[in-house]
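Chain by chain, the residues run as shown.
Number of protein chains: 2
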Amino acid sequence: MNKTQLMKLAFELASKGGFKTFPNPNVGAIIYKDGKIIGKGYHRFFGDHHAEIHALNEARENAKDSIMFVTLEPCSHYGKTPPCVDAIIKAGVKKVFIAMKDPNPLVSGNGIKRLRSENIEVETGVLESRAKKFYQDYSSRFSRKNSYVALKYAMTLDGKIATSTGDAKWISSEKSRQWVHKLRTQFDGILVGVNTVFRDNPELTSHGRSKNPVRIIIDPYLIIPLNSKVIKDENATVIIHSNENKTKKIKQIQDYNKYLLYIKSQNGLIDFKNIVEELRRISIFSILIEGGGLTAWLALKSGIVNEIITFVSPKIIGGKDAITPVEGEGIRKISKAIKTKVTRFEKMGEDILIISKVIKNV
Amino acid sequence: MNKTQLMKLAFELASKGGFKTFPNPNVGAIIYKDGKIIGKGYHRFFGDHHAEIHALNEARENAKDSIMFVTLEPCSHYGKTPPCVDAIIKAGVKKVFIAMKDPNPLVSGNGIKRLRSENIEVETGVLESRAKKFYQDYSSRFSRKNSYVALKYAMTLDGKIATSTGDAKWISSEKSRQWVHKLRTQFDGILVGVNTVFRDNPELTSHGRSKNPVRIIIDPYLIIPLNSKVIKDENATVIIHSNENKTKKIKQIQDYNKYLLYIKSQNGLIDFKNIVEELRRISIFSILIEGGGLTAWLALKSGIVNEIITFVSPKIIGGKDAITPVEGEGIRKISKAIKTKVTRFEKMGEDILIISKVIKNV
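Sequence lines, in order, name chains A and B. Numbering that gives the first Met the number 0 numbers the first residue of the first sequence as 0 and each following residue consecutively. Numbering that gives the first Met the number 0 numbers the first residue of the second sequence as 0 and each following residue consecutively.
Warning: the hint list may mix true and false statements.
Which bits of chain A does chain B cover? Going by a derived footprint, with three or more residues having C-beta under 8 Å, they are [to be verified]:
| id | stretch |
| --- | --- |
| 1 | 95 to 104 |
| 2 | 124 to 133 |
| 3 | 218 to 225 |
Residues of chain A placed beyond 12 Å of chain B at every Cβ, according to the derived structure [what the hints assert, rightly or not]:
| id | residue |
| --- | --- |
| 4 | G91 |
| 5 | K168 |
| 6 | Y255 |
If you're looking for bench data, these hints aren't it; they were derived computationally from the structure. Every residue gets a Cβ at the ideal spot worked out from N, C-alpha and C, and that includes glycine.
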């Protein structure tokens, strides 16, 4: 088999990942030695091993002096597992054919550089035009210089997202909720604070609509219950924490194939600018924040929110202790408020949907 | 002069009240004796003496055995002052010509009955067709079986009517605020809780637009500051209280020509059903409630609110301790929420205006 045929096979493998790897790209890898394929692998779902690791695991010690065909540049950064390039180097692969460099400017070229620095031969551009088409959607996400962040909430006509007892089911109408399921498919990630997981135990999926975005949970102290839907179900979840000690909890979460992302905190709060930056490294460029009040406040305060999607449901629940969409410390003077501009408003079922762009931050 | 000429004169006097008596009707009175007019009077502004009292004050002891011409049936209920019929009886008037019975079904006919029971001759229907036209607007307000109550507030996109420090200037845009000034002219009364007076010291007028509605302040313990705009300015104000002891404060408020309305409270709270009923007695049939959070909650809870007028301003202020449009105890389950139906929504300046009808109460 020639290199084109082998790379074609790698693409066929890559395709098997389908929507499940979202927002990661589909990647396939073949390990070839002495005229035989000795390892095959593909990235099966977000949070799974990368394609190269699966292929190396199949080839085992035979991988020494083998040739690898991989549809996208191997990663050189730490995610859930050590970088793929490290595994390739360790296995003793002698040459790597790569269809296309990673379009993510944060990592592009680094994997190739690393392999070459270890005297592994690298040839790029095998089936490159096919690769460009195959990774079109993935590449297009990097055309934005900044990540795109939207904040979404459904509140009552009197500005509450939950009653004083924490009940939030359901504020908005059936039609609005279905629209939100569809909306979610347009984002790489859906972000909530761990308090929302405690209060609502949400699923945060598109409910069967094509690809599911990754659920991102901000949980500085790693207090998330292991029986939460976002941990137990098979969809992808990233837990962002700043806990260096809870190794048992970390192990338990990893056993559910969930992704842990450590980011340093200050006074128990993780800066949203760092969150957005770290998420870019793992291919999450667009984020829909879905609560609660403190998370929304911290996100808005850090200046990373571009758009606010508000459902106003014509219900009144009252209550001095009811929960509002944006809480935290807040702003003391109306004149210093965060300003937005309404770009769209319409009736959605019984509710009013208001979409506005943030034009002046804190 | 004949009775028609004298009644015509009474109407001319009545007209002098103009918009200032609103929501009271314009009333004029003439006292005639021995071929001479010995007393003239008209209701000058809401909170002022009634026309009959002014005329009697002018006639003094000459009123004995005189004839009175009055454009509307004299009142028989206690308002700011004792009922006019009591003054007429006490003065010794022997005959009263009345153009029209009071169309207010709560009081209609009672004044006439009372006068006749004291052997005072009463003749109704002098210039009646003129009276019907003159009191057309006033009469039309009684065609409703129930009072009409709307709740209005302007909140930020995150559901706040003031910051945690109480700042509320300004939530809504200039255009929205001007629309509210116009809206006020369509109501007999504008109602707020005394806390709103403390926090905002509002004017609650139509800002020069034709008639000003009466300002109604719910103040169970009579704690309103005497230097509040609603006390000091010349527009009409009703203070609803349940304090039997603060006679000095009552006297001070009356010195500003403001109207005190005593309603019994329970645990320091005055039932809104009683408030609406008592306001009907003094010709206030339509009420615009403009805050704050506790007042809105008590009004909604009592089931007297028909319509909710919400401005959503595209600002975010956050804050766990910020003030929301409806507070108080609140409802514990979303399924038990007060339900409304959106009847109109539109862009108003930078804001979104949502009008909805209450369809299910607590």
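Results for each hint:
no.: 1; hint: 95 to 104; in the structure: violated (count 0)
no.: 2; hint: 124 to 133; in the structure: violated (count 0)
no.: 3; hint: 218 to 225; in the structure: violated (count 0)
no.: 4; hint: G91; in the structure: 56 Å, holds
no.: 5; hint: K168; in the structure: 6 Å, violated
no.: 6; hint: Y255; in the structure: 31 Å, holds
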